[in-house]
Amino acid sequence: MSDLNKLTISGARDALAKGETTAQALTEACLAEIEGAGALGAFVHKTPEIALDQAKAADARIKAGEATAMTGIPLGIKDLFCTRGVPSQAASRILEGFKPEYESTVTQKLFDAGAVMLGKLNMDEFAMGSSTETSVYGNAVNPWKVDERQLTPGGSSGGSASAVAADLCLAATGTDTGGSIRQPAAFAGITGLKPTYGRVSRWGIVAFASSLDQAGPMTKSVRDAAIMLSAMAGHDPKDSTSRDLAVPDFEAALTGDIKGTVIGIPREYRLDGMPAEIEKLWDEGKAMLADAGARMIDISLPHTKYALPAYYVIAPAEASSNLARYDGVRFGRRARLAAGDGITEMYEKTRAEGFGDEVQRRVMVGTYVLSAGFYDAYYNRARKVRALIKRDFEEAFDQGVDAILTPATPSAAFGLGEMADADPVAMYLNDVFTVTVNLAGLPGISVPAGLDVEGLPLGLQLIGKPWEEGDLLNTAYALERAAGFVSKPEKWW
Amino acid sequence: MSIDIETARKVAHLARIRVEEDRLPALAQEFSNILAFIEQLNEVNVDDIEPMVSVTPMRLKRRADVVTDGGYQDKILSNAPDAREGFFAVPKVVE
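Respectively, the protein sequence lines represent chains R and G. Using my numbering, read the first sequence as starting at 5 and increasing by one per residue. Using my numbering, read the second sequence as starting at 529 and increasing by one per residue.
Read the hints as simulated data drawn from the structure, not as lab findings. Think of the CB as a built atom: it goes at the ideal place given N, C-alpha and C, for glycine as much as any other residue. A couple of the hints might just be wrong.
Covered by chain R, according to a simulated footprint, are these stretches of chain G (three or more residues, beta-carbon under 8 Å) [claimed, not checked]:
(1) 538-548
(2) 552-561
(3) 567-574
(4) 578-587
(5) 595-608
(6) 611-621
Calculated lysine to any residue pairs in the SDA-like style (CA-CA distance at most 20 Å, straight line) [what the hints assert, rightly or not]:
(7) G:Lys538 with R:Lys103
(8) G:Lys538 with R:Ala356
(9) R:Lys67 with R:Gly15
(10) R:Lys394 with G:Asp550
(11) R:Lys103 with G:Ile604
(12) R:Lys394 with G:Pro609
(13) R:Lys290 with R:Ser304
(14) G:Lys589 with R:Trp207
(15) R:Lys10 with R:Glu24
(16) G:Lys538 with R:Gly15
(17) R:Lys353 with G:Pro609
(18) R:Lys242 with G:Val594
(19) R:Lys394 with G:Val594
(20) R:Lys353 with R:Leu341
(21) R:Lys353 with G:Asp550
(22) R:Lys394 with G:Lys538
Please put together the full structure from these sequences, using the hints given.
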């Protein structure tokens, strides 16, 4: 077989089962592709030795008839996941040299299922950003290109999106706190799923905002997202917020039959100044789902406008607390100290040189909104608004809505550096359609649905009911089949 | 609410991040812009609304209060920038 790196998970699984290829051949094909793709800045730590060892073990397991759907599948792992003995830096200078002595639950589950790790993937520092431009490793680049400009693959899981879209791996892990799986998936023309909060263990994933963070798959198809989620999900005693629920076989839910499914179209997601192309794509998505037998109804999610402001209180507040652990004592980098410097200088200098600008800004905003005198005015108010945002969704679902269709992003991928002089708030607007889902703890999926006039991919988002990823994936599968998105970026790297 | 230089200095210190004096005015301006954005929340009527505590309400699991982990000091110290004689080492804290 040729072009093994271009396979989907399901395609590779079937080929492996029939003996048409081996895990080793798949892994070698991906490793060769990664070697030639330095210009994408996607893989930041390569682990070829681990990958080949895992591939050999996978081949033995397949031969013994003990394979799972993930056995022998070469993956990229976002740098936010702690992987034993392998640098895990969250793309931050402050974690320079950090090699965890433990394995995150998600990567352990994937390895237990027989998956292969090719290396670690670029991201925004501590997952704070929407363009993978805040990384200590430098930018990740979108394989999609329409002129001389280099485009962002989105963020924070930008390295994951770039690697999957460029066929450097079969699939990748991502994490999503405000849109960090779904926005990069849309920018790179791939599928990205954020599960229900609590579906996937957060243990061993570097924490950003613990009440919002959730890991998920970034894949080349909806079927692959279903397969990979089944391997990632499940209760973990080490994460008290992970739900003790049986993990269904999500792939089995993909019938493509959505007759009678009720799709809500939230009027508040039609923004002033939204590009006509996004609006058109959204209309096309509605028509595709209606053709497949679903029924569209208009709904209202009245507090949508306040989701981003609430997020920019809650996420920095939690980040300021989570990132307090980076103190130059237990792991990572410590600043060089001057004679006579005490422990406060050690903290302040270490954190000043270890954290980039955006991380510093969010830690300080978080510190401010939690400080005495402002806690009620900002933090508690934001938590009340969050409760209202969640209630909006509950009321829509109570009306009989099964899933909600929205655009995934307010634009296609933009050029690297184009937002450099913009106000930080302008960058935050990238997450306008995705952040509500994190605040309400719901599952959401971005499905590539078309190209803009320049030829760049655009995605549609489907939002599901809590714990109903199976139904959500099935609706996404119907949308994927109707959209028939098969475009790939032309290789320039 | 706009943030003055003095408040920016205080927040930076609370966050234990050294900010050079000449950076403070720009930082105060950035904070002010972000807070202006956040203050849209004041438009929302939140009377009688309970602040969200848990996004997926559930009873936390309980387990026996026993030691389940530990006994690997070397692993705990392996990533420390400065570890000596089985301890983390830091600059002198007490004179």
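Against which earlier hints does the structure fall short, listed by number upward? Violated: hints 7, 10, 12, 16, 19, 22.
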